[in-house]
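Student: All chains should be modelled from the sequences, with the hints used to inform the complete structure.
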Amino acid sequence: MSDMNNLIKELEEKAHDMRKKIITSCYYAGSGHPGSSLSTCEILSVLYHHVLNIDPKNPSDPDRDRFVLSKGHAAPALYSVLAQKGYFDEEELLTLRKTSSRLQGHPVMNKLPGIEITSGSLGMGISFGVGTILAARLQNKNYRTYVLTGDGELDEGQNWEGMLAAVKFKVDKMTVIVDYNKLQLDGRSDDILPIGNLGDKFRAFDFNVIQCDGHDILALIEAIEQAKQYKDNPSVIIADTIKGKGVSFMENRVEWHGKTINDEDFERAMAELNGGLN
Amino acid sequence: MNNKPLREVFGESLAELGTVNPKIVVLDADLSSATRSILFGNKFPKRFFNMGITEANMVSTAVGLSTCGLIPYVCTFSFLLTLRATDQIRSQISYPANNVKLIGTNGGLSGFGDGATHQSIMDLAILRAMPNFTILVPSDASSMRWAVQEVADIMGPTFIRVPRVSAPDIHQPGTKFEIGKGLVLKKGKDVTIVAIGMMVSYALDAVKELAKEGIDAEVVEIHTIKPIDKNLLIKSASKTGAVITVEEHNRYGGLFSAVLEALALECPVPADWVAIDDHFGGSGQYDELLEVCGLTVNNIVKKAKRVIKIKEKAGYEQSV
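As you go down the protein sequences, you meet chains A and B in turn.
So the first sequence is residues 1 to 278, counted in my numbering.
So the second sequence is residues 279 to 598, counted in my numbering.
Hints were generated in silico from the structure; no laboratory data involved.
Check the hints yourself; a few may be wrong.
Said to hold, decoys possible - No farther apart than 30 Å at their CA atoms in a straight line, the calculated lysine-lysine pairs in the BS3-like style are these: (1) B:Lys587 x B:Lys467; (2) A:Lys170 x B:Lys301; (3) B:Lys324 x A:Lys170; (4) A:Lys20 x A:Lys85; (5) B:Lys324 x A:Lys231; (6) A:Lys231 x B:Lys321; (7) B:Lys321 x A:Lys141; (8) B:Lys517 x B:Lys490; (9) B:Lys464 x B:Lys591; (10) A:Lys141 x B:Lys301; (11) B:Lys589 x B:Lys465; (12) A:Lys141 x B:Lys324; (13) B:Lys580 x B:Lys517; (14) B:Lys580 x B:Lys459; (15) B:Lys591 x B:Lys517; (16) B:Lys465 x B:Lys513; (17) B:Lys517 x B:Lys464; (18) B:Lys301 x A:Lys231; (19) B:Lys321 x A:Lys168; (20) A:Lys228 x B:Lys301; (21) A:Lys9 x A:Lys85; (22) B:Lys321 x A:Lys170; (23) B:Lys324 x A:Lys228; (24) A:Lys57 x B:Lys301; (25) B:Lys301 x A:Lys111; (26) A:Lys168 x B:Lys301; (27) A:Lys168 x B:Lys324; (28) B:Lys587 x B:Lys464; (29) A:Lys141 x A:Lys228; (30) B:Lys282 x B:Lys464; (31) B:Lys583 x B:Lys459; (32) A:Lys201 x A:Lys168; (33) B:Lys490 x B:Lys583.
Tutor: The structure is reproduced here in structure tokens:
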């Protein structure tokens, strides 16, 4: 097996493990956003286990790459990958959403190592990312910033302000990744507020637009590499994903945006996930 | 009297600060000529970011800069900052206590000719409700210069309210300002007049009128409305037994509220307000607008005399 095949296998396994952690932590929490978290697993696996220049032992290293979870409701996914990386003990995942837990329903900076910015109220991540790259430029630093947004989240007008700013300031070291799962809380994104051709919209803003399968590890690795090579303007990776990915009865089901996992759901989901990777 | 508009003093102070502190960066939302942040921008173009008319985006971008070790001053009209970007301020600055310096210009009615849409009469109420904020309202050029420099040295969220207009010099050269510490500008025993921002000079004028009638009023300037100087307020109110507050803000949520909150438990003396009576401003000359809104020396005098009467009546009943 080639090194690349080994890497892909390893990252797939990490994504698979994240899914178990997401289901388990949301089950114990009695609430949360499992569907919105499950669609991000491959993206987070590739970023945290392959791309990001980060050191869990030194989470405030000024030279670190920044990851911004703009869609803060995918917190269970972020917590799972941070636990995998060793930012905190995996057992703490079971405190998700509990009183006094560092694992708040949405991520809170300064509470838990590895959280770059408090998020949850949507639409603020791209603008924040622009700021981090402007800071890098002034301080002669070479880190990159990755901002993960949802497609439903793009309803918020501030995203489009942020895109204008990103292009004005040519923050080519920022990459936006859209978790394009086409569902939002109340229904299909096409019904709630049709976004039209997302790639064309980003192109009209002068972004470098890359589209890929958001559950294909190799495609994600290549997309991020392509974004890194692109100069002058920021890039966006529109990652085609499936809400609830990996748990058959949650896939593409809008109600799993934020539904409580009951005992039966939990057993079914874990039985599927424990069956291993297909 | 120093007739330089306080926004000009702000812009000059910011540009001076940029010279001594390389971490200062400035953002504005297409109002740099009006806020006078342009004075910094002209001097330090690489550290100045004109974000266009995108207040929410501007605030979040500033937060990004702050988490990477820089000290952003975020400048626009106060109403735009506190209303257009309220949630960004709440989620990304107030909650995580990020080190962002908000500058709200056209404070109070000082966006006079532009009318009520461009005036900021609820900014203090909004920000006072945000945990972790330090909120400064300078009253003259010297306190403005101090505030602009001082907030750079405090870690955490701060706000400075900047009037568009000029103010008479209030403070003696060498006055020591301290965050969270009020100033007794005139000692007195009959009534405490607590004033903030542009209203401080009106309070001092009212004291002269009251003196003509034999009333000895104390004037306390609150330049930091949060955290407020509770000890000083209690000390003064327990001496005089009567309080009025004077502010260029809606009567709800601003200085009057803050002072009553400070006094309620330990020193609940009769108190009254000179403020905007829960209505909007409008176009007009600044002085005329203050008059229309009741922010006048005469009104301060009238309310001071009334609150003293109420105090005396209460005292009489108590002694009977």
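Student: It remains to establish, for every hint, whether it holds in the given structure.
Tutor: Structure-based check of all given hints:
no., hint, in the structure
1, B:Lys587 x B:Lys467, "holds (14 Å)"
2, A:Lys170 x B:Lys301, "holds (21 Å)"
3, B:Lys324 x A:Lys170, "holds (14 Å)"
4, A:Lys20 x A:Lys85, "holds (16 Å)"
5, B:Lys324 x A:Lys231, "holds (20 Å)"
6, A:Lys231 x B:Lys321, "holds (29 Å)"
7, B:Lys321 x A:Lys141, "holds (23 Å)"
8, B:Lys517 x B:Lys490, "holds (21 Å)"
9, B:Lys464 x B:Lys591, "holds (25 Å)"
10, A:Lys141 x B:Lys301, "holds (15 Å)"
11, B:Lys589 x B:Lys465, "holds (19 Å)"
12, A:Lys141 x B:Lys324, "holds (15 Å)"
13, B:Lys580 x B:Lys517, "holds (21 Å)"
14, B:Lys580 x B:Lys459, "holds (28 Å)"
15, B:Lys591 x B:Lys517, "holds (17 Å)"
16, B:Lys465 x B:Lys513, "holds (12 Å)"
17, B:Lys517 x B:Lys464, "holds (14 Å)"
18, B:Lys301 x A:Lys231, "holds (27 Å)"
19, B:Lys321 x A:Lys168, "holds (21 Å)"
20, A:Lys228 x B:Lys301, "holds (28 Å)"
21, A:Lys9 x A:Lys85, "holds (17 Å)"
22, B:Lys321 x A:Lys170, "holds (22 Å)"
23, B:Lys324 x A:Lys228, "holds (24 Å)"
24, A:Lys57 x B:Lys301, "holds (27 Å)"
25, B:Lys301 x A:Lys111, "holds (25 Å)"
26, A:Lys168 x B:Lys301, "holds (22 Å)"
27, A:Lys168 x B:Lys324, "holds (14 Å)"
28, B:Lys587 x B:Lys464, "holds (21 Å)"
29, A:Lys141 x A:Lys228, "holds (15 Å)"
30, B:Lys282 x B:Lys464, "holds (25 Å)"
31, B:Lys583 x B:Lys459, "holds (27 Å)"
32, A:Lys201 x A:Lys168, "holds (16 Å)"
33, B:Lys490 x B:Lys583, "holds (12 Å)"
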